[in-house]
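Line by line, the protein sequences give chains A and B.
If you count the first sequence from 1, position 160 lands on 161 in this note's numbering, and the numbers rise without skipping.
If you count the second sequence from 1, position 159 lands on 225 in this note's numbering, and the numbers rise without skipping.
Treat the hints as calculated values from the structure; they're not laboratory data.
Hints are not guaranteed to be accurate.
Restricting the straight-line Cα-Cα distance to at most 30 angstroms, the calculated cross-link-like pairs of lysine-lysine (BS3-like) are [as the list claims (entries may be wrong)]:
id : chain 1 : residue 1 : chain 2 : residue 2
1  : A       : K81       : B       : K530
2  : B       : K463      : A       : K135
3  : B       : K527      : A       : K123
4  : B       : K506      : B       : K496
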Amino acid sequence: MISAILVMVLLAVVLGAVLGFASIKFKVEGNPLVEKIEATLPQTQCGQCGFAGCRPYAEAVAAGQAEPNKCVPGGDNVAKNLAELLGVEFKPVGGDEGVGPKPRMVAFIDESTCIGCTACIKVCPVDAIVGTTKMMHTILATPCTGCELCVPACPVNCISMIPVGQNIATWKWQYPVFELTVMANRRPEK
Amino acid sequence: MRTLHKFHGGVHPPEHKTESSRLPIAAAPLPQRLVVPLRQHIGNPAIPIVKVGDHVLKGQMIGAADGFISVAVHAPTSGTVSAIELHAVPHPSGLPDLCITIEADGEDRWTERQPLDYQTADPDAVRALLRDAGIVGLGGAVFPAYVKLNPDQQKIKTLILNGAECEPWITSDDLLMRERATEIVSGVKIMAHLMQPEEVLIGIEDNKPEAIAAMQAACQGTGFAVVTAPVLYPSGGEKQLIKLLTGKEVPSGQRPINIGVLCSNTGTAYTVHRAVYHGEAVISRIITITGNVTKPQNFEALIGTPLGELVQLAGGARPDTSHFILGGPMMGFDLLNHLDAPLTKAINCVIAASPALFPPKPAAMPCIRCTQCAQACPCDLQPQELFWFSQSKNFDKARAYNLFDCIECGCCDYVCPSHIPLVSYFRYTKSEIAAQDREKMAAEQARQRFEFKQMREEREKAEKAARMAEKAATAAAAKAAAAASGVEDPITAAKQAAIQAAVERAKAKKAEAAAALPPSPQPSPAGGEGVNNTEPS
Chain A
2 MISAILVMVL
12 LAVVLGAVLG
22 FASIKFKVEG
32 NPLVEKIEAT
42 LPQTQCGQCG
52 FAGCRPYAEA
62 VAAGQAEPNK
72 CVPGGDNVAK
82 NLAELLGVEF
92 KPVGGDEGVG
102 PKPRMVAFID
112 ESTCIGCTAC
122 IKVCPVDAIV
132 GTTKMMHTIL
142 ATPCTGCELC
152 VPACPVNCIS
162 MIPVGQNIAT
172 WKWQYPVFEL
182 TVMANRRPEK
Chain B
67 MRTLHKFHGG
77 VHPPEHKTES
87 SRLPIAAAPL
97 PQRLVVPLRQ
107 HIGNPAIPIV
117 KVGDHVLKGQ
127 MIGAADGFIS
137 VAVHAPTSGT
147 VSAIELHAVP
157 HPSGLPDLCI
167 TIEADGEDRW
177 TERQPLDYQT
187 ADPDAVRALL
197 RDAGIVGLGG
207 AVFPAYVKLN
217 PDQQKIKTLI
227 LNGAECEPWI
237 TSDDLLMRER
247 ATEIVSGVKI
257 MAHLMQPEEV
267 LIGIEDNKPE
277 AIAAMQAACQ
287 GTGFAVVTAP
297 VLYPSGGEKQ
307 LIKLLTGKEV
317 PSGQRPINIG
327 VLCSNTGTAY
337 TVHRAVYHGE
347 AVISRIITIT
357 GNVTKPQNFE
367 ALIGTPLGEL
377 VQLAGGARPD
387 TSHFILGGPM
397 MGFDLLNHLD
407 APLTKAINCV
417 IAASPALFPP
427 KPAAMPCIRC
437 TQCAQACPCD
447 LQPQELFWFS
457 QSKNFDKARA
467 YNLFDCIECG
477 CCDYVCPSHI
487 PLVSYFRYTK
497 SEIAAQDREK
507 MAAEQARQRF
517 EFKQMREERE
527 KAEKAARMAE
537 KAATAAAAKA
547 AAAASGVEDP
557 ITAAKQAAIQ
567 AAVERAKAKK
577 AEAAAALPPS
587 PQPSPAGGEG
597 VNNTEPS
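Extracted from the complex, chain A is given alone in its bound form (with noise of 0.2 angstroms):
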């Protein structure tokens, strides 16, 4: 009887040294769904899913605190992979409809009307605008991510976002389509 309970005993001491010393041996660092939803982003940076960034918006979902159907800029492709990542039921961007991720745009500075004003640069997350107060500014046209938020901050309207077209360096091969075609002499059905 004793011999049992100093067995059990024993056993339960070095399993839970064995335990506590794996907690912190192999102690994981930060939040790994952070960076598992934050690669999964297209680091935009633009702010419509309510967070101030996708390092935000990355935070918040991991914590359960917001959908992972927010990202405009993915659509449902990355609302898709959110989804699968978390085990949750997948709900399409805004609303019932869904859309597809954006095409991709740059932000252009109507360079005869712009003032030189800073105003679109201070607000640029990724530094892609070019100028100085009372010179004219440019965009950088590989950097740019089309969040638009340069275009609400400029106070003369001199921005617009323009679609990227495709070129032969950036051309995809399609999906192979088929036409179906009605064989003519099939029965007609009864």
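We have chain A; now place chain B onto it with these hints.
Coordinates of chain B only, in the frame set by chain A:
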């Protein structure tokens, strides 16, 4: 006789070589207008270095290499630059690309040509010459030759010259080897000088006896071995030819140089010879015009010649021609923008297609998992699985099943009993994965820039706060220092002095008035006088 090693799979479609190989290479006449695309190679397109209205000479550089993976492009004839704008180019998308248009002046006057003695020159100088002469792999990949012909501390055991030309209908390499074997071998010598291989093999399929004889004659006394291989498509694939001739397999995701082998096309060797011995840039190439034309033949045409003019030279397309195929029927693509597109370095063949020659494929049926495609795949892949993943857009899985080892040779399409266009699915999946990778990279860069901006804003805030604190501290310190040393402010001192002077004057006045008064009674010892004195006068 060298032992050949069989590569996996392969097919043997009808060859159709004799149509275009009966006549010798004809020189195409000088066209009125030449359109030279700036993107004729893998990597960055060349940067235009001429302006509209400039007069250029034949062989003059008009676009300079941009970055490492890039080469120059040249004026194919003398004339005037009339436009630098988007123009139809031979590409499966049918999209236009930036081109330089030259109106020929008819003189065809060469620029100054500078040959190079490669034996004594620095290898880097030879490579720079190859870059500036616009030399790329003419086998189809159009990879800059100067990048490839750099041993970079790797020991090269075998240099292979690829003269297999396994694709049906095409005979441009065949005719080049028949007629210009000496120049090709001379180009191979230059390549061998740069790479220092232990052996040089020239692989040719045995359906080209004249080419084999010519190359053997040209190789006399060089130590290069001409190896004939049985006809089996795609023996001209780089990795397949390496397996065939050396028995070595290039590991997945690696390049032949990793196993000490370098493979180059015959046309590339020829252009290397022209560049080094004659100082001539790549401004022309041999192209096969065949299929549903009245007089199929090979032409030596200037880069930038409209493909329609070349089809006319071959007698023109017959009335029942439905479309044109660029490249061979196995790996080529349909020319969407018809025949306005110019000849580029990559194009070796135009086939006029008719329903009789290329009957339309029957409608695709469901995959029955017969695995005939897997047996035919020269890359030892599982096309039926890749098809499954591509159809369901399961891109990660497709990548995991080595989709990127697929060379799009079309063997699986050819054998599929259900007529499934497998390669179309693989091309779609590959380009989707590539686009996803590009987007991921752009997102990663955007994240880094966003984090940098946040870091910069924090730093600026901290710096501002630090500046304010420093200013306040300096002011306080100055005050404290002044108080400690007793040195007064000059303004305060002047004021104090003025007040002091006024007080002195008032005292003096008082004293005068007191002296003028009649003597008072003797003051009491109690100091009553003092009390009186203090009274205002």
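For each hint, the structure was consulted:
no. : hint               : in the structure
1   : K81(A) to K530(B)  : violated, 44 angstroms
2   : K463(B) to K135(A) : violated, 54 angstroms
3   : K527(B) to K123(A) : holds, 14 angstroms
4   : K506(B) to K496(B) : holds, 15 angstroms
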